[in-house]
Structures are given as C-alpha cells and as structure tokens.
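Engineer: Here is what each chain is made of, one letter per residue.
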Amino acid sequence: MNDPHAGLAGEAESTVPVNGAVRWRPVAMLRRAVLTLLVLAQTLVAAYFMVSVLPYHGGNAVEKSLVALFAILFAWISVGFWTAVFGFVLRRCGGDAYSFARRHSVERLANTPLARTAILIPIYHEPIGRTFRGIRAIYRSLQATGQLEHFDFHILSDSRDPNVWLAEQAAWFRFCKELDAENHLFYRRRTVNLRYKSGNVADFLRRWGRYYEYMIVLDADSVMSGETLVRMVRHMQLEPQVGILQTNPVLINARSAFARFQQFANRFYGPLFSAGLASLQLGEAVFWGHNAILRVDPFIRHCGLRELPGIGLFKGPIMSHDFVEAAYMGRAGYEIWMEPDLPQSYEESPPTLVDELTRDRRWVKGNLQHLWLMLFSRKLRLAHRLAFLNGIMSYLTSPLWLAFLVLTSIETTRLVLWPIDYFPSEYSLFPLWPEWHPEWAIGLLGGTALLLFLPKFLAILDVILVHPRRDYGNAGRLTISVILEILVSMLLAPIRMLTHSRYVIGSLFNVSLTWAGQNRTDETRWREAIINQAPGTLIAAAWTAFAFWLKPMFFIWSLPVSLPLIFAAPTSVFLSRVSVGQRLRRLGLLVVPEELNDFPLLDDVLDERILPPSKTGLTAFEEAVIDPVLNRVHRELARLPRNDKRRGRLHALRNRCMKEGPDVLNPRELSLLASDRETLEAMNRTVWSSTPDSCWGSRLEDRIMRD
Amino acid sequence: MARTPAEYALGRVLAWLRWSGVPHSPDMTRQALLIVEQALADGDADLISRVMQELPRRIALPEIRLPSAALPIRRISLGYAPYL
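Chains as they are written, first to last, in this note's numbering: chain A, 1 to 707; chain B, 1 to 84.
So here's chain A without its partners, still in its complex pose (with noise of 0.2 Å):
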C-alpha cells in the first residue's frame, strides 16, 4: 500500500502565481477611497465642532492638544462606523460581488480534488477536557465528510508542568484508541519553548512541513466543521495565489455573564462589521493566528520571524506573529482573504474580565511592536502596513482618551480657578471672550455617540431582516438584550481604558511580561478583582471627588467615566459568575442562533461526560507513575536513556520521589523524570512492589479501591 503522507508539498521551488482572474484591486483601491473621504470629511467637521465648542476655541496649547486628541479618537470611531455602515449596506444588497467565497459553484468546489492538509492545535497550559472535546469534535465532523484521509491532526504542545502535559498524553493515548485515529492524530511537546506560539508553529513545520500542501491553525478553544476545512482546502487548490484564507470565528460556548456579554455582541453586530472589514480589505486581509488555512510552502519560503533589531520593546522575538506572517506572505506576492461566508468556525471569549485583560498584555505589547515593522520592514503593501496600523490603534487610543480626560480637567481647573486670559495668543490687538456653549458640546457628544451606537442599530435592523426571529429569541428579548450589552460595554469601556493604558506605558517602557496560558473556566474572585481593579478605582474616586470640588456640572460629565472604574471590582466579580450568565439563559436572554438551534457539532464539545475531570484523586504524574497502560504510553513518547551525568542526577531525583513521594519535587524535577524511558518503568515496578504502608503503596491501595 502506498504511504499516504509520501506526497511530497513544495519540494520543487515554485514560483508565485498571477492574479487570478478576479480584478479585486482596482474595487478595493476605490473603496478604500471612499473609507477615506468619508472619515476624513466627518472628522474635520467634527474637529471644527471641537474648536467651537472650546472656551478660547483652540487658542491655547491645552485647546490645541485638545482637539488633536479628539480629531484622532473620531477618526478611529469614525473608521469604525463606516465599516459598519459599508457591512450593512452589501448584506442588504445581497452581499459583496467580490467576496471570495462567490467565486466558485457548489459543483466546482465538489469536483475539486483534495490535498494533504495538517490541522494543527498548538496548546500551552489549556484544560485538558475543553480542548481535546473539541479536536474529538472536529475529527468526527471531519469523519463524516468521507473526507479524513487528507487530513492530520497534530497536537504541537508547549505545555511545561507535567500534570498538564502528562494528561495531554493521556487523553490523546485515549482519543487515538477511541476514534481509531492512528496515523491521523499526533501529539508533540517541545521541551525548548522558543519564541511562543509562532516558534511552536515554525518548529513542526521545520519537521513535518514538507508533508502537507496546507496547514489550517486552529486554537486550543477553536472549532470548525469537517465541511468548511474541506471547503477551504477546495478553495485553496482552485486559487493557487491565495496564501492565507481565514474564517471569521464567531464564539461559543459562554457560560458566565462576562463571556455571554461578549458572545452576544460578537454574534449580534459581528457579521456587519466583518462584512465591511472583508469588503474593504478583499485580497490584503490579515491572519487572526487561529481558524485559517495557509499555503505551507511559501509561508515556509517567506514567514521565518527573525528577531526584532531594535532597543527596548523593538528588540527581540515577535510576540504577535499573525499579522506579520499575513504582511510577508503578502510581500511575497501572495493574496491573503477574510471570508465571513465561511461558517461553523468557531472559538470561546476568555471567561471573565480579568482574564480578558490578562490577555490583553501581551497583545498590547505584540501589537506594538508591530510600529517597528510598521516603519521600517521592506517592500510591505501598504494595506498591511496599515492593519499594523490599526492593531496598534486598537490599544493606543486607549493612553490618547486617558490624556483627553486628563487635559479636560485642565482646560476646566484653569477656567474655574484662573482668571480669564483675553489675549491667549500673544500677537492679538482684540481681546478673546471665552464662551461655553453647553449645547453645542451636548451636540457634538450626541454625534459622536450616535457613530458609537448607530451600527448596534443597524444590526438590529439586518438581525430583523435577515434571520429568521428563532435565532435570537422573541423581539422584545432581543431589545432587552441589546440594552443590556450596551450598557454593560459602557461599564467596561472605562475599565479597559485605564487598563489598556496602563499596559501601553507598561510596554514602551518594556517591563517583562509573562505569556501564560488562558483561563477558560474559574471564575474571579473578590480578592483578585480588587487587587487587579485598585489602581482604577482609586484614580477614578480621587478624580471624581476633584470634579465635584471643582465644578458641579464637570463632576455630572465626569460620572460615566468615574462610576465604571469605581464600581470595576464587583462589576468584575459579578460578570464573571457563571450562574449569571446561565440565569440570563434561562430568561431568554443574549441567547445566539447556536443555543436556539439544533448544532450537532457543538454537542461533543460541550458533553463534559466526554473526558471528566479524574476522579482517581491522583495527580496526571501519579497517574502516568501507577497505571500500567499509561506508563507505557508516556515511557514510548518519553526520551531514551542519557549520558551518565544525567542518569546520576535521575537516579537521585528517583530516589527521592520513591521515599518521600512526588510532593518534595517541584514542576522541573518531576518533568525531567517523567520525560525519561528508563526512570519512568523503573518508577512504575517500584510502586508496582512497595508496601502498603509506604507513600507510593498507600496511593496505589487507595486507587485500586477507587476502582
């Protein structure tokens, strides 16, 4: 029988290939345009509205920072709202003629033949349950299409405490046997965790790479149907100039309050603003790290990340790789596509507020220093220089409203307690009269919160019009839910204002971070949500006391900022509770198309019967100690025998763990045992022999009456 992995991808240099026959430039050249002219013109408006309604109307540095700072943040909220508005306007009109997903008929796509393609998982520190339900689940959907011999599965591990990666062996030992997966489901832990993720990715495709045609990322909370991998692999070969095809994942799966908020609003205005985002971007989309499909030979050839060269928070490895690869495949010549037609892609919001901003950290940093690559990389298409552009905005407009907090308390201390400058500019002959319109100003706010609130309209408009009213409840549930996201994301937003810009300051003056794990399931508690929400509520309860002293009026325009950030601990406490979010399910609230409808391929992921937690008591290293199947699974996935140096320092490390049992050693210790052939069989006929009345005996006994 022939091997099915000996076919061979991009052995032979291939060159790029041309444009295929979609002329999708000149379209997004004009709409582009188009974006442009509308945010610029609305800014300026807006800017001269800023000018008006200020005192001296922008005749003094503190004015002039002012409207500055104002002119970007509308610009940016400007952006937005149009990418919305362009969103609403194509679903209505039937979609985009130049989507990618249009390009080809159904028959076409079926006709199309397949190609090897590696689904990779990279995992760090992940529950063990959640994620390996969900590469079940995408394996069985895969199974179904009759489609599953072009496709591998691999586990790429860089998980480093040994009752997390032993139980990662464990349940893919478990999973191969149950599916019947041998051959198309493998595990692999790096033990040197070089450059995070993307070093995780660049080292299986120096192993294996050149087995595959394709590799789909996925994330460890990922899941995407057997129908849409095998879809994107016939796309993939139909347009051999596509480098990089992603999905737009939509979450699933939100059991506390925080991460319902957050499905709901994903799932409600999501497709509107994605619409206009894949419209805008069409062949110079970018790579969201997970949910996408990339041709493995040119990202061989072209996407190596060198270390960054620069000083400081430009120097070193890149933390956020995705939009880097996207820019280089790019410059390669490649054409990278966001396809929101692509369904059943799916992923989960980090559970609590916390972990949100935990998460956020790193990707305040990683995006950052994109600014380097931004400036200075060779030959990047400007669209690309441009998403660098807008990834560093997403965090960077936090720090620019902070200073605009900041320089309105100014602007009123100064009016309040100064006397009056009438010559603030100092070649005046005519006196200035400051003049404070508070009309004017409750305008220019009514403006720009309708571009802040006018697209959470319009998707309840194309929800009404497009979806059949099952897929989000009755229509006054609908409502209900819609008031309460808004008003929850006027909570936050405060919140992670002052967070983000703490975080920003925090990364230019590049204080070290560590690249944990995601939380996926705990919920916060009080002490933690105090501790992390101090800072703020301090800030906003001194800030506001101020506003008061100083001037009612500033104190009631101080109070939607100040409130949030007071009340940011219970706030986060209250949000993350699970019996919340499964209450507002029951009310029929923030319910999303996926709980209403029948989604046989969420049903494994979310069956926690599938892989329970262990009830044997005993930890995964007890566990891969005791258990005779288990010891040999992790004995054959485990190193052979080292030099004699080595073997001194196991052998004690062995001894030690045998008297006086796996707690007196820490993670390193027991991983370094648990990583070797010899110590783990010795380990196992000791335990196997001991007395009952010794620390490894006694855990025996007490699993075997467990059993």
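Don't take each hint at face value.
Stated by the list, open to error - Reference listing, derived: stretches of chain B covered by chain A, where coverage requires no fewer than 3 residues with Cβ under 8 Å from a Cβ of chain A:
#1 6-12
#2 16-27
#3 62-72
To be verified - From the structure, some residues in chain A lie toward chain B, with a derived Cβ separation under 8 Å:
#4 Phe376
#5 Arg378
#6 Cys695
Calculated from the structure, these hints are not laboratory results. Everything numeric in this text was worked out from a predicted model, so none of it was measured. Even glycine gets a Cβ: it sits at the ideal position worked out from N, Cα and C.
Got chain A; can you put chain B on it based on the hints?
Structural biologist: Quick look at chain B alone, frame taken from chain A:
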C-alpha cells in the same frame, strides 16, 4: 480489620491485570491466587515484591498497540527575509 500481606498481594495482581486489559474471569482469578499461593510458600517477607516480579513470567499480558506520536522527521529550513 487490617489486611494481610497476601490479601494486598492478591489485590495488586488483580488490579494490575485488570488495568493492563486482561478481562476478569474465574480462570484469571485462579491464576492470580496460584501466584500468591506459591509465593506464600516461600514465606511472608517481601511477598508483594516477589509476587509482582513473578506475575509477568506467569501471565501473558495483551499487547498494547501504541499509536505513533509523530511522522518521521523530514527537515526543511524556514526562509527569513532581512528587515531592512
């Protein structure tokens, strides 16, 4: 009441066989008892250890089919373009 070393030894043998995938049967239990009985004939000292050493010699365990964790490595280098 505290268990005797022989009871512990028998429990270990049965657990080992069960966890190794040997189906529970009267015959299997009889063989386990036989191993313990013969070890007891040599005295109580180190009974569990002697029984567990004897076990693989007396009972053939079903072969565990271990899946392959990875494909054979076929190395390739990544392309790194200069920044400037």
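Engineer: For each hint, tell me whether it holds in the structure or not.
Structural biologist: Verification of the supplied hints:
Look at the segment 6-12 of chain B against chain A: 3 of its residues bring a Cβ nearer than 8 Å to a Cβ of that chain, three or more, so the hint holds. Figure legend: the segment 16-27 of chain B, annotated as covered by chain A; annotation consistent (5 residues with Cβ-Cβ distances under 8 Å, at least 3 required). Closer than 8 Å: that is the beta-carbon criterion, and the segment 62-72 of chain B has 8 residues meeting it against chain A, so the requirement of 3 holds. Given the 8 Å rule on beta carbons, the hint for A/Phe376 holds: about 6 Å separates it from the nearest Cβ of chain B.
Contact between A/Arg378 and chain B, as hinted, is supported at the beta carbon level, the nearest pair being about 6 Å apart and thus within 8 Å. Against a cut-off of 8 Å between C-beta atoms, the interface hint on A/Cys695 is violated, since the closest Cβ of chain B lies about 15 Å away.
Hint 6 from the list above is the single one not met by this structure.
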